Amino acid sequence: MATAVHGPGKITELEPFAPGHRACSGCGEALAVRLAAKAIGNNAIIVNATGCMEVVASPFPYTSWRIPWIHTLFENAAAVASGAEAGLKAMEKKGKIPKRNTKIVAFAGDGGTSDIGLQALSGALERGHDFVYICLDNEAYMNTGIQRSSATPYGASTTTSPAGKESLGQTTWKKNMPAIAAAHDIPYVATACPSYHRDLMKKVTKAVETPGPAYIHILSVCPTGWRCPTDDAIKVGRLAIRTGIFPLYEVENGQYKLSLSLTKLEPVENYLKTQGRFRHLTENTIKEIQERVTREYNKLVELSGKSGGEASS
Amino acid sequence: MAKREGLEVSVAVADAAMLSDVDVVSAYPITPQTHIVEHLAELVANGELNAAYIPVESEHSAMSACVGASAVGARTFTATAAQGLELMHEVLYVASAMRYPMVMTVANRALSAPISIWGDHSDAMAVRDTGWIQIFVENGQEAVDNVICGFRIGEDKRVLLPVMVHLDGFALTHVIEPIELPEKKDVERFLPPFKYPLPLDPEKPVTMGALGSPFIYTEVKWAQEINLEKAKDVVLESWQEFGKVFGRTYSPIEQYRTDGAKVLLLTMGSYSETAMVAVDKMRGDGKEIGLLKLRLWRPFPYEELRKAVKDIDVLIVLDRAVSFGGPGGPVCSEIKAALYAEEKRPQVIGFVGGLGGRDISMAGFEEMINRGIEIARTGSEREFEIYGVRE
Ligand SMILES: Cc1ncc(C[n+]2csc(CCOP(=O)(O)OP(=O)(O)O)c2C)c(N)n1
Ligand code: SF4
Ligand SMILES: [Mg+2]
Chain A
45 MATAVHGPGK ITELEPFAPG HRACSGCGEA LAVRLAAKAI GNNAIIVNAT
95 GCMEVVASPF PYTSWRIPWI HTLFENAAAV ASGAEAGLKA MEKKGKIPKR
145 NTKIVAFAGD GGTSDIGLQA LSGALERGHD FVYICLDNEA YMNTGIQRSS
195 ATPYGASTTT SPAGKESLGQ TTWKKNMPAI AAAHDIPYVA TACPSYHRDL
245 MKKVTKAVET PGPAYIHILS VCPTGWRCPT DDAIKVGRLA IRTGIFPLYE
295 VENGQYKLSL SLTKLEPVEN YLKTQGRFRH LTENTIKEIQ ERVTREYNKL
345 VELSGKSGGE ASS
Chain B
40 MAKREGLEVS VAVADAAMLS DVDVVSAYPI TPQTHIVEHL AELVANGELN
90 AAYIPVESEH SAMSACVGAS AVGARTFTAT AAQGLELMHE VLYVASAMRY
140 PMVMTVANRA LSAPISIWGD HSDAMAVRDT GWIQIFVENG QEAVDNVICG
190 FRIGEDKRVL LPVMVHLDGF ALTHVIEPIE LPEKKDVERF LPPFKYPLPL
240 DPEKPVTMGA LGSPFIYTEV KWAQEINLEK AKDVVLESWQ EFGKVFGRTY
290 SPIEQYRTDG AKVLLLTMGS YSETAMVAVD KMRGDGKEIG LLKLRLWRPF
340 PYEELRKAVK DIDVLIVLDR AVSFGGPGGP VCSEIKAALY AEEKRPQVIG
390 FVGGLGGRDI SMAGFEEMIN RGIEIARTGS EREFEIYGVR E
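Going down the list, the protein sequences come from chains A and B. 45 is the number of the first residue of the first sequence in my numbering; add one for each residue after it. 40 is the number of the first residue of the second sequence in my numbering; add one for each residue after it.
Treat the hints as calculated values from the structure; they're not laboratory data. All values derive from a computational prediction rather than experimental measurement. We treat Cβ as the ideally placed atom computed from N, Cα and C, and that holds for glycine. One or more of the hints may lead you astray.
[Claimed, not checked] Below 25 Å or equal to it, Euclidean Cα-Cα: the simulated DSS-like pairs (lysine-lysine) are: (1) B/Lys301 to A/Lys133; (2) B/Lys383 to B/Lys326; (3) A/Lys140 to B/Lys224; (4) B/Lys224 to A/Lys138; (5) B/Lys301 to B/Lys346; (6) B/Lys234 to A/Lys137.
[Claimed, not checked] Away from chain B, derived, C-beta distances all over 10 Å, residues of chain A: (7) Gly64; (8) Ala128; (9) Trp217; (10) Ile224; (11) Ala227; (12) Thr268; (13) Tyr300.
Build out the structure end to end from the sequences listed, making use of the hints.
Put into structure tokens, the structure is as follows:
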């Protein structure tokens with residue numbers, strides 16, 4: 045038996061997503077991609093929607109991708125992935141190419157997923173393609189200058205939901221995209237955040253190993269758009285989870301399971317005050333957010349039969 | 040020898056895709072394209088066609104999935120019409136610029152509003168500049184042959200471009216015509232297996248669809264243009280080769296009874312068949328009228344056009360689409376532009392007609408030609424006239 049080197053802190057040195065890309069400093073989304081890519085490995089094809097991660101990774105003639113990568117448009121990552129998956133399978137079946145079990149992984153932002161790309165995603169999930177779809181959720185259209193999306197949280201000020209005398213910023217609650225994915229009865233859905241990097245990588249590995257469609261929703265702190273210090277992405281992400289604003293969980297074959305057992309949630313204020321986009325919020329609004337977060341979190345606890353586990357960071 | 044039999048053109052088109060051994064079909068139904076994709080689904084379901092059939096949720100996804108399939112090196116086919124083609128619009132540019140060969144048949148249909156399921160060429164003209172090779176066919180046999188040719192042309196290493204085969208909705212898609220379906224072994228002889236030079240493959244990673252900054256975008260577009268222009272040689276070559284194997288050859292512009300004609304009518308698609316009958320009638324009446332059928336729309340056959348009209352006085356062009364507020368139908372204005380620099384050029388008279396399934400009869404063509412001759416003599420108050428409109 046071969047001896048494997050084992051160290052508790054050791055993760056793979058594989059970097060399919062190379063450094064040198066042009067993301068802003070402290071970008072949580074680039075970190076999410078890097079970690080996910082480590083877990084995805086080399087036997088994969090990446091399909092990237094238009095958005096920050098596409099732009100920063102592929103300024104011709106440079107590329108950050110050491111594995112095959114394709115970008116075409118904003119709203120069609122799931123459809124392009126469908127075609128690539130079906131194409132490979134068909135050619136393998138006909139003996140035109142060897143069977144290699146190559147995984148197709150699509151990346152898209154929250155805009156590319158929960159707004160303009162929702163239809164294509166729903167179609168691909170429903171058709172049961174064997175692929176992984178990763179939503180990089182930085183809660184706005186960052187690539188075009190911090191405009192609101194349906195994933196922007198209540199109260200956040202963006203360039204198209206600006207806070208003002210007559211407005212508290214975003215006036216709608218964040219669309220529950222993982223629940224929408226889960227409603228397609230796909231085998232695997234999970235939420236993740238780079239602040240819990242092992243948890244994130246474990247989930248991506250699981251998604252890659254799951255036959256059929258898998259969906260992972262990654263909260264990705266964007267210092268530029270959230271107006272927080274560039275060295276705070278990990279801290280802010282951790283607070284999103286510890287306050288229950290963005291709970292970490294899995295939905296395996298319809299069964300919800302919390303990834304962390306939080307005995308007590310931290311007050312949402314601790315999270316909100318770290319970011320300029322919430323700076324204008326009044327005590328009343330913060331209270332409103334707190335009530336909603338507690339209620340939603342409790343629903344999740346109930347759904348998961350209180351089977352919370354500890355996520356490692 | 041392949042035998043000629045009565046086949047619905049849509050069914051024959053699907054059979055042509057099957058004979059071409061496609062790996063992936065990704066399509067969304069829209070009248071009058073439906074019979075093509077239904078028949079393909081049936082062929083896959085019956086095991087006659089070994090391919091992945093992706094029943095996508097929209098045409099935008101249909102074309103996107105074709106792009107994905109083509110990017111991994113699969114031979115890919117789709118079909119659409121009208122609103123479907125418009126919904127695909129932005130993806131069409133991607134398919135050509137990123138050099139993915141695939142064949143799409145377009146069952147030409149009018150665009151909404153008002154909603155109309157009937158034929159004209161507004162859908163085709165709206166995608167004129169998408170960088171695809173585009174061929175207009177006149178009958179079912181041409182449709183079948185050009186689907187097969189389409190793969191050979193598009194997949195040629197000198198080309199690597201997607202190909203659109205335009206066939207008129209209903210007038211072609213829904214009629215039963217005598218068609219000779221090629222034998223499988225002959226198609227295999229004519230159409231080599233598809234080998235995309237640089238597919239998405241973990242063994243040889245490539246980045247496709249990188250961000251093009253101002254320092255490279257112009258070069259990319261210029262290369263694309265030169266490439267499409269040069270594709271004409273391969274189109275001609277493939278049509279010649281097709282003739283050697285199957286006995287039917289095609290040309291960018293087909294001439295019908297043009298000998299000694301001073302007036303020519305130019306049409307595209309299935310209307311050419313009625314126009315031929317009208318020309319026969321007028322010839323019988325002693326008039327020196329002929330017909331040009333424009334088959335290769337992109338790349339535009341400048342040379343062939345100039346040669347075909349060099350000795351005539353009047354060229355009457357029938358457009359089945361309107362360029363609103365512009366100089367006339369898109370085909371006519373393009374032909375005018377193509378002839379502008381010629382020392383000796385005919386008068387070009389434009390008509391728009393046959394919109395949204397409005398039929399033009401044999402007598403109608405005769406009337407249009409006569410009116411065209413009159414306009415050439417006396418002029419018209421308008422840049423172009425619309426044929427057969429009720430005031
Ligand atoms: C059809 C279309 N509409 C709009 C755009 C402009 N656009 C490009 S990226 C983008 C926003 C991307 O937001 P998101 O998906 O959240 O990704 P992020 O940049 O935030 O990572 C927009 C609106 C586009 N490229 N295509
Ligand atoms: S705008 Fe935000 S998501 Fe985009 S690169 Fe900068 S930090 Fe990353
Ligand atoms: Mg975003």
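For each hint, the structure was consulted:
The hinted pair formed by lysine 301 of chain B and lysine 133 of chain A fails the criterion: a straight-line CA distance of about 58 Å is larger than 25 Å. Only pairs whose Cα atoms come within 25 Å are accepted, and lysine 383 of chain B paired with lysine 326 of chain B is accepted, the gap being roughly 22 Å. As the CA atoms of lysine 140 of chain A and lysine 224 of chain B are separated by approximately 18 Å, the hinted pair is consistent with the 25 Å bound. For a cut-off of 25 Å, the pair hint linking lysine 224 of chain B to lysine 138 of chain A stands: about 18 Å separates their Cα positions.
For a cut-off of 25 Å, the pair hint linking lysine 301 of chain B to lysine 346 of chain B stands: about 14 Å separates their Cα positions. Restraint check: the Cα-Cα separation between lysine 234 of chain B and lysine 137 of chain A comes to about 16 Å, which is no more than 25 Å; the hinted pair holds. Interface exclusion of glycine 64 of chain A from chain B stands, the closest Cβ pair being 14 Å apart, more than 10 Å. Separation of alanine 128 of chain A from chain B is inadequate, the least Cβ-Cβ distance of about 4 Å not exceeding the 10 Å criterion.
Residue placement check: tryptophan 217 of chain A keeps its beta carbon more than 10 Å from all beta carbons of chain B (closest about 26 Å). Every CB of chain B lies more than 10 Å from the CB of isoleucine 224 of chain A, the least distance being 15 Å, so the non-interface label holds. With a least CB separation of 15 Å from chain B, alanine 227 of chain A remains clear of the 10 Å interface cut-off, as annotated. The beta carbon of threonine 268 of chain A is kept farther than 10 Å from every beta carbon of chain B, the shortest such distance being approximately 18 Å.
At roughly 27 Å, the least C-beta separation between tyrosine 300 of chain A and chain B is larger than 10 Å, which holds for a residue marked as non-interface.
Checked against the numbered hints listed earlier, the structure breaks hints 1 and 8; every other hint is satisfied.
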